[in-house]
Every structure is written in structure tokens, then in C-alpha cells.
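Quick note, the sequence shown lines up with residues 5 to 135 if you use our numbering.
Accuracy of the hints is not assured; some may be wrong.
Lysine-lysine pairs mimicking PhoX-like chemistry, simulated, CA-CA at most 25 Å apart [what the hints assert, rightly or not]:
| id | residue 1 | residue 2 |
| --- | --- | --- |
| 1 | K122 | K25 |
| 2 | K101 | K71 |
| 3 | K86 | K101 |
| 4 | K71 | K117 |
Now the in silico label distances, taken between C-beta atoms and shown as ranges [claimed, not checked]:
| id | residue 1 | residue 2 | range |
| --- | --- | --- | --- |
| 5 | L93 | G40 | 19 to 27 Å |
| 6 | D104 | K12 | 40 to 48 Å |
| 7 | D43 | I134 | 27 to 35 Å |
| 8 | I134 | E105 | 48 to 56 Å |
| 9 | G90 | Y51 | 15 to 23 Å |
| 10 | E105 | T47 | 34 to 42 Å |
| 11 | V32 | V124 | 31 to 39 Å |
| 12 | G90 | P36 | 30 to 38 Å |
| 13 | I134 | E100 | 22 to 30 Å |
| 14 | N38 | I66 | 34 to 42 Å |
What the hints contain is simulated information worked out from the structure, not anything from laboratory work. These figures come from a predicted structure and were not determined experimentally. Every residue, glycine too, gets a C-beta built ideally from N, C-alpha and C.
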Amino acid sequence: MSDNTNSKVVLTTKKYLAEAKMRNHFAVIDEPVNVGGDDNGPTPVEYLLTAIGGCVSITLRIYAERKGWDVGEITVNVSQIKDENGTHLSEEISFEKEIDEDQRKRLLVIAGKCPVAKMVKGETEIVSSIQ
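Based on the provided sequences and hints, a complete structural model is requested.
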């Protein structure tokens, strides 16, 4: 079975302004003014952080539903941290409703199983070619 997900990105002639198409959806990518862009949209890194947060929250919701747990709204705040140790990502996950310690431990393990997080951790090969 082949399951191809696709995003086509075209960098316009307007410096760093890119237009992306995913299925029937469109998004704009740009860089902030302080690095030469026009700030017409989120940066590629901001989209990546958003993809991780979206994937983690959906993965947690699917798991909680299967367990019959009502956790309410799920908030995932994903940040890129640059410090003396290099660059890493931070995920802060919170639930609208109270969860117990066993649920907390299980949900933290499940958060790491989201497909986007696994890609970012280097578990998916990227094959590049120039057409």
C-alpha cells in the first residue's frame, strides 16, 4: 500500500516569499523583516513547530479516546531553544482536565510516538533529487 502525502512549495521571485499547496490547502511562508523577508507568513521553522504540536495533540487525543479518558482541550507549546548546548526543541503539553500520574506517564510516552516527531528525530529517510 502506498500512502503519499505531498506538499509543493514554490519560492517566488519576491526574495523569501514561498507559496505552498497541500491537497486543497494553501499556505504562505516567509522570513521576518530583520532577516530580509517581508514577514508575510510564518517561517519554515515555525511551520515545523506547528506540525509537531498538531501531530502530538492529535496523537494524544486518539490515545485518550481509545482509553475512554476525557482530558478536555490539549495544548502543545513547541519551542526551538538555542543555548550554549546547541539547538533543541521543547514541548510543553497540558490538558484542560485533571489527569493522574499513571495517565501522565502513558501520555508522555505516546507523545513521542507522533509521526512528525519521529520524522524530526531522524527516523525517516529523506531522498533528494534535482529534476
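Evaluation of the provided hints:
1. At most 25 Å may separate the alpha-carbon atoms for a hinted pair to count; K122 and K25 meet this at roughly 23 Å.
2. Distance check on the hinted pair: K101 and K71 sit about 15 Å apart at the alpha-carbon level, within 25 Å; holds.
3. A distance of roughly 32 Å separates the Cα atoms of K86 and K101; the hinted pair therefore is violated under the 25 Å criterion.
4. Straight-line distance between C-alpha atoms of K71 and K117 comes to about 16 Å, which keeps the hinted pair within the 25 Å bound.
5. A hinted range of 19 to 27 Å for the beta carbons of L93 and G40 is consistent with their spacing of about 25 Å.
6. At about 45 Å, the CB distance of D104 to K12 agrees with the hint of 40 to 48 Å.
7. Between D43 and I134 the C-beta distance comes to about 30 Å, which sits within the given range of 27 to 35 Å.
8. Taken as a hint, the range 48 to 56 Å holds for the pair I134 and E105, whose Cβ atoms sit roughly 52 Å apart.
9. For the hinted restraint 15 to 23 Å between G90 and Y51, the CB-CB distance of approximately 21 Å keeps it satisfied.
10. About 37 Å separates the C-beta atoms of E105 and T47, a value consistent with the hinted range of 34 to 42 Å.
11. As the Cβ distance of V32 to V124 is approximately 22 Å, the hint placing it in 31 to 39 Å is violated.
12. The hinted window of 30 to 38 Å between G90 and P36 is violated, with their beta carbons roughly 22 Å apart.
13. For I134 paired with E100, a C-beta distance near 47 Å fails the hint of 22 to 30 Å.
14. Between N38 and I66 the CB atoms are about 39 Å apart, so this pair conforms to the stated range of 34 to 42 Å.
Against the hints set out earlier in the document, violations occur for numbers 3, 11, 12, 13.
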